[in-house]
Amino acid sequence: MSTNTPTLNTPTYSRLIPGATLGVVLVLLALHHWYAVMYKSVYPVVVLLLTLLAGFAAGGTVYPPLFYAAGAYGRHLPAYMKVISGLCAACGLATGFYLLFVIYSF
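Going by this note's numbering, the first residue of the sequence shown is number 1, and it counts up by one from there.
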């Protein structure tokens, strides 16, 4: 067996799940924005959790192992990959705080 042949223990990562997650999260954020504009009520926990997940999904859309690095499927990945995944999530969370304090003036 050559060194380039994947074994059964090597997981394959695709952009399908991170891309679908990002799409669903963006739709949910759009629905929450519509709700906030119509009823003048903002749920800050929803905004922060959705943007956190959007950060993970955006990182995974660019490089798929980043989406899986923080979970059980990424235990074999190096530590720097987990740090970059956390930074993507932190950027998503920062976007959530921007939405809350600048856009919604919460």
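Simulated from the structure, these hints should not be mistaken for laboratory data.
Note that CB positions come from ideal geometry on N, CA and C, so glycine has one too.
A portion of the hints provided could be inaccurate.
Derived Cβ-Cβ restraints for the label pairs, each shown as a range [unchecked claim]:
(1) Val83 with Lys40: 14 to 22 Å
(2) Gly19 with Gly86: 18 to 26 Å
(3) Gly86 with Val24: 35 to 43 Å
(4) His76 with Gly19: 41 to 49 Å
(5) Met38 with Thr12: 38 to 46 Å
(6) Tyr63 with Lys40: 38 to 46 Å
(7) Phe97 with Pro11: 18 to 26 Å
(8) Tyr80 with Leu16: 23 to 31 Å
(9) Phe101 with Arg75: 31 to 39 Å
(10) Tyr39 with Ser14: 18 to 26 Å
(11) Thr12 with Ile103: 35 to 43 Å
(12) Val27 with Val62: 16 to 24 Å
(13) Ala20 with Val46: 15 to 23 Å
Evaluated hints:
A beta carbon spacing of about 39 Å between Val83 and Lys40 contradicts the range 14 to 22 Å that was offered as a hint. Between Gly19 and Gly86 the Cβ separation comes to about 20 Å, which falls inside the hinted range of 18 to 26 Å. About 22 Å separates the C-beta atoms of Gly86 and Val24, a value inconsistent with the hinted range of 35 to 43 Å. Between His76 and Gly19 the beta carbon distance is about 23 Å. The supplied range of 41 to 49 Å is therefore violated.
As the Cβ distance of Met38 to Thr12 is approximately 43 Å, the hint placing it in 38 to 46 Å holds. Range check, Tyr63 to Lys40: Cβ separation about 39 Å, and the 38 to 46 Å hint holds. For Phe97 and Pro11, the Cβ-Cβ distance of about 33 Å falls outside the hinted range of 18 to 26 Å, so the restraint is violated. As the Cβ distance of Tyr80 to Leu16 is approximately 25 Å, the hint placing it in 23 to 31 Å holds.
Roughly 36 Å separates the CB atoms of Phe101 and Arg75, a value that falls within the hinted 31 to 39 Å. Against the hinted window of 18 to 26 Å, the Cβ-Cβ separation of Tyr39 and Ser14 comes to about 38 Å, which falls outside the hint. The hint said 35 to 43 Å for the Cβ distance between Thr12 and Ile103, and at roughly 38 Å that hint holds. At roughly 20 Å, the beta carbons of Val27 and Val62 sit within the given window of 16 to 24 Å.
For the pair Ala20 and Val46, the beta carbons lie near 19 Å from each other, so the given range of 15 to 23 Å is met.
Hint violations for this structure: numbers 1, 3, 4, 7 and 10, all remaining hints satisfied.
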